[in-house]
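Peer 1: From first to last, the protein sequence lines are chains F, L, P and X. At position 107 of the first sequence the residue is numbered 107 (the numbering used here), and the sequence of numbers has no breaks. At position 75 of the second sequence the residue is numbered 75 (the numbering used here), and the sequence of numbers has no breaks. At position 229 of the third sequence the residue is numbered 229 (the numbering used here), and the sequence of numbers has no breaks. At position 177 of the fourth sequence the residue is numbered 177 (the numbering used here), and the sequence of numbers has no breaks.
Simulated from the structure, these hints should not be mistaken for lab results. Please note: incorrect hints may appear among the correct ones.
Stated by the list, open to error - Straight line, CA to CA, 20 Å or less: simulated DMTMM-like cross-link-like pairs of lysine to aspartate or glutamate:
hint: 1; chain 1: X; residue 1: K235; chain 2: P; residue 2: E6
hint: 2; chain 1: L; residue 1: K235; chain 2: F; residue 2: E35
hint: 3; chain 1: P; residue 1: K251; chain 2: P; residue 2: E267
hint: 4; chain 1: F; residue 1: K235; chain 2: L; residue 2: E35
hint: 5; chain 1: P; residue 1: K235; chain 2: X; residue 2: E35
hint: 6; chain 1: L; residue 1: K251; chain 2: L; residue 2: E282
Protein chains: 4
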Amino acid sequence: MLQFPEYVVPDFSREPFLSAPDASFAPAGEGYLPERFYATTIYPEYFKIGGRWRLLRRSRMDCAVVLRGGEPVAVEPRLVKPGEPVAVGRVDDGSRGVYVHADCFRQPGAEKPAAAFAFRTGRSRETSFSQDYDALYELLRHERDHGYVVWVLGPACVFDSDSRAAMAALIGRGYCDCLFAGNALATHDLEAALFHTALGQDIYTKEAAENGHYNHLHTINLVRTAGSIPAFIEKYGVSDGVMHALVREGKPFVLAGSIRDDGPLPEVIGDVYASQIAMRNEICKATTVICLATQLHTIATGNMTPAWCEAEGKIRPVYFYSVDVSEFAVNKLRDRGSMRVRGLVTNVQDFLVNVERGLR
Amino acid sequence: MLQFPEYVVPDFSREPFLSAPDASFAPAGEGYLPERFYATTIYPEYFKIGGRWRLLRRSRMDCAVVLRGGEPVAVEPRLVKPGEPVAVGRVDDGSRGVYVHADCFRQPGAEKPAAAFAFRTGRSRETSFSQDYDALYELLRHERDHGYVVWVLGPACVFDSDSRAAMAALIGRGYCDCLFAGNALATHDLEAALFHTALGQDIYTKEAAENGHYNHLHTINLVRTAGSIPAFIEKYGVSDGVMHALVREGKPFVLAGSIRDDGPLPEVIGDVYASQIAMRNEICKATTVICLATQLHTIATGNMTPAWCEAEGKIRPVYFYSVDVSEFAVNKLRDRGSMRVRGLVTNVQDFLVNVERGLR
Amino acid sequence: MLQFPEYVVPDFSREPFLSAPDASFAPAGEGYLPERFYATTIYPEYFKIGGRWRLLRRSRMDCAVVLRGGEPVAVEPRLVKPGEPVAVGRVDDGSRGVYVHADCFRQPGAEKPAAAFAFRTGRSRETSFSQDYDALYELLRHERDHGYVVWVLGPACVFDSDSRAAMAALIGRGYCDCLFAGNALATHDLEAALFHTALGQDIYTKEAAENGHYNHLHTINLVRTAGSIPAFIEKYGVSDGVMHALVREGKPFVLAGSIRDDGPLPEVIGDVYASQIAMRNEICKATTVICLATQLHTIATGNMTPAWCEAEGKIRPVYFYSVDVSEFAVNKLRDRGSMRVRGLVTNVQDFLVNVERGLR
Amino acid sequence: MLQFPEYVVPDFSREPFLSAPDASFAPAGEGYLPERFYATTIYPEYFKIGGRWRLLRRSRMDCAVVLRGGEPVAVEPRLVKPGEPVAVGRVDDGSRGVYVHADCFRQPGAEKPAAAFAFRTGRSRETSFSQDYDALYELLRHERDHGYVVWVLGPACVFDSDSRAAMAALIGRGYCDCLFAGNALATHDLEAALFHTALGQDIYTKEAAENGHYNHLHTINLVRTAGSIPAFIEKYGVSDGVMHALVREGKPFVLAGSIRDDGPLPEVIGDVYASQIAMRNEICKATTVICLATQLHTIATGNMTPAWCEAEGKIRPVYFYSVDVSEFAVNKLRDRGSMRVRGLVTNVQDFLVNVERGLR
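Make a model of the complete structure from these sequences and hints.
Peer 2: Put into structure tokens, the structure is as follows:
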């Protein structure tokens, strides 16, 4: 039986919390923060306001904390309005009204946080991953009914027929609540639905189609003609792939535009900061995040994902997986200290095929 | 003495050019192209219009060809206006009014294109790079006076004090006409100017500054307070680094936003398609492009860079370098067939230090 | 149904074979070959001797060809005896009595060698591997009854409990006829049998055992005390793992020593050239070779594996797989031109678990 | 001015040293050690023998400690003779007669071991290396006159003309006291001297020589004909490259054979355990070790290199550098805990060219 570590509720009836002053706030400027602004972390954070310790909800790293309606709110600095009161000061041990609760989870029935060490060390191709797979299967079975799983996919996930089918099956069976990707993933997934190719190369036989470089441009043009991905899927009778599964299951997706895009597809968001907002709105619900073979989206998502969430009325950890064939990519988030990340060093094709089989 | 390969001007007085019909055009829809639209390549392309063969100027790969004022113009599909005449048909051997001149350069004084093979094979850590460095030094000496060199930099270029200084020196000595980068490069370069750190870590001693994760957030806030990078540089007396060198030398830069950005800095362009336009406006002038340790920007730039340019009244090759510590990144552009790329597999720190020394 | 490409028997009744002279031979010196010695390739090679074209059996690349008892024999240069007649001359088109039959296989029912292209291009993390897995399953089912499969394993194959169990199961079900490895693989496999660790780290939980660095030294010492791996297995009741499966099934293994060895285990061969001989004796029987996560052993094995073999009275291809998480390692053999290699870029843990499941 | 950290001499007049019993010894068996044998570390180790604490000289990791002539001696287990007294017990805090002095160096004029943290964390392509280069230049200038520098080179070091010349120049200027390599490095270096190729490809232009695969086989044959590398160098008037520089300067080299060797060259040692002995005899003198692009030799050398040495009558650290383009390779030694390694993630070509320039 899956057991999450227990949240340790801080005892604010003790010092230094008890006699700490309220957190300090200063007004924002036009597009900038006050000097010595406080920046948020991935941990639960409490602010003393009007003598009461308040948990900062919907947090994310590197935000300003703004007082809105008496509540502390984590706001990206560029979204803070001129004159809003912004938390200032960088002492976070509770003595000045701000408390970062870094060591907030306790393993049930255990004194020492056993797994801590293993997850903090670097992952390499030679790390043993059997337990990580088993733990992930157990976790996803739980999340299907009780959590919110965000998948973050690089285009390579649909360059191979088996992994594309595996991801579609996982969506179909309820293991994906939301998808983050870019224009390329959606384009090549739909190209595969029409032509069985990605970038003009067959996703099973690897044969290059004649004039195959037109396949993705043609696909994009057809989707733009149809007006939207769902309209395209219906018009052309698309019946397989990742985008089809999402549309059929009614699951949301965020397609963030990038400077390498052709097209783009109609649903792709051109403004990266609008993409950030759309992504964060989903991440605020996330209980598990799984990032595959996309360094940019992984870092972007990691930056906005706190180490904790509220689910079923409780505070529990957010689980964050990063899977890539390169140690550098897998360990990058970890090195930035932005997350407790469980990294797997492998080809995402195999990862997806494994996970789909392991959940049958 | 540097000698460029000679451009072979097609002889349009011969068949199949002579009796070929004009290129065909069909009207665009609302946001989409006509069926069987023609898509551009990286090579010189000629379109027969009114019985005359016209070179498509300011080209880039994967564009539509639109007739504007009687001239063929390469236009990104999303920028084609409803009703505009768009070239259609995918025969490109000249017999139908469209000619892709793929084999357009001839080595001076040589029958066989000697270097062709070597540049087409994959590059690895075990490839010999001495000649590539020597050729690059010779090329850059030429370009300083006669060309337009665009550098495309990942943030790691400023994570190290020597490579940051080397890049600034190259700008100062006239070897950089334009910079493409993202918010991170500019932010960490300015962070280094203020704090001698990148992401809070000293760029020489590697020591972590206390509360160092604030350094880049603080830097961003100060630049936003100042209103622009030049205003910040002046206000805080910044006197070193890449951004300072660009501003001092009056060189343009394009900072393309991405979903992983904090901030952003004022000059960063939030809309990725606006970034593409800004980048392409510079690439249309480029004679040499050098991409360092940034997969996303390298692919984006590669996609919009043709294999040829017009400089000093002649058609000559564009030289495109991709430098990364990973074979996968270096070879990725090449595999997509989008460019004749000269790849170097190494750490960009050493590359920059080497190039700066080699050009003394 | 698996169909091998057909061997095209050369027609020696035609020119230039018919009027070609016999191959030339010159005597070897003391430890060296005559000037202009001929060196073997990975392809079938024929030598005209006494007016008859003779196939060089048990071939391998980069050998000398020595006449022994009237037969051409491929001999490593260091093993040629002083005075033996060694083939000389480097014309290999048949006109001088030596014929390299490079284009020797024809796909059944097809004119064009369809798969050739795909297997010659580089493999990357973004290559589609579904078909490679399917083809491998079909091949291994055939080989179990009709072939001879040599596995070449790096130590990481036993660093993970699932992959170690998968490999043992493959041996138990008849999919492995011989194992090549080094001291480390055998040591850590036996360490896992005793302590459930590899290099002191649990192969499932990743927990570091107390004083765990002793585990492998202790294991080696116990095996040396027992006198052999089989004796150790019996004495300590070992009942799982790769070495146990090999011993139980009576399958041969070659453990080649290297300069990084502790110990070594009793069966490890200290002299690398004796290891080469032991390996080549097995490779001469091989119909399929599968190399996992070991660059040194993969290159060594690749160098001695021809592109063809004789099995069931016919000449057919040898299939050679190289699996590694690094493109560089996977593509290295291919770049040296030494083999037609099918590369998969992935973590060998997943590869082994996949293959074991795919063959159930 | 270069200052080494100071060695902290243990105070054996205090507890627990004072009342500790002598270290325990038990007799070895035939080819194996007694139960609970003690295994050495990379740190200074002291054994109480006859009431006196004795430093284990010429140490290396994972050895047995044998009493020979009253002195503790670090002996590879396979070299312990039957009946010799071997240290037993695994308590190493001094209380049982064995003391591992792990924290033995103190930075001069500093309380905290400042550099410790930076060197213990993983190195990546994004680590700042400027200081590492500067420190290495300073160190090598010292070592030229006062130390013993062992270079460990993979074959890629001579695949490029500039890096091959840089290494030869470093040898010529006194910065290399001994070379470890394999058959391939020496072969391709001598091939380059004869043909200006490595594996048949020009080391400057990258052009493939006709029949170029013969170049290295031919080179090997000529060296074997000449009888030795020095004889070959003289006979063929070789005047450049790494091997030539070593022979001219009279510097020793150890060429360890491996299973991938062609040839081998006459000086190559076929027995890997004989190679280990030859290497360790040199490592016992080493004050600095620099390993470039060779995972096998780097690990082998790392395993036998202690963290300390005696030079100029003092105990000082051994400095160990590992340079490779792959993070995995660079960090591998560190992960095994076998050494304090300074890793640089870059192409060794650039590293060698940089170091040669930096030392001019």
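Peer 1: Identify every previously stated hint that the structure contradicts and give their numbers, smallest first.
Peer 2: 1
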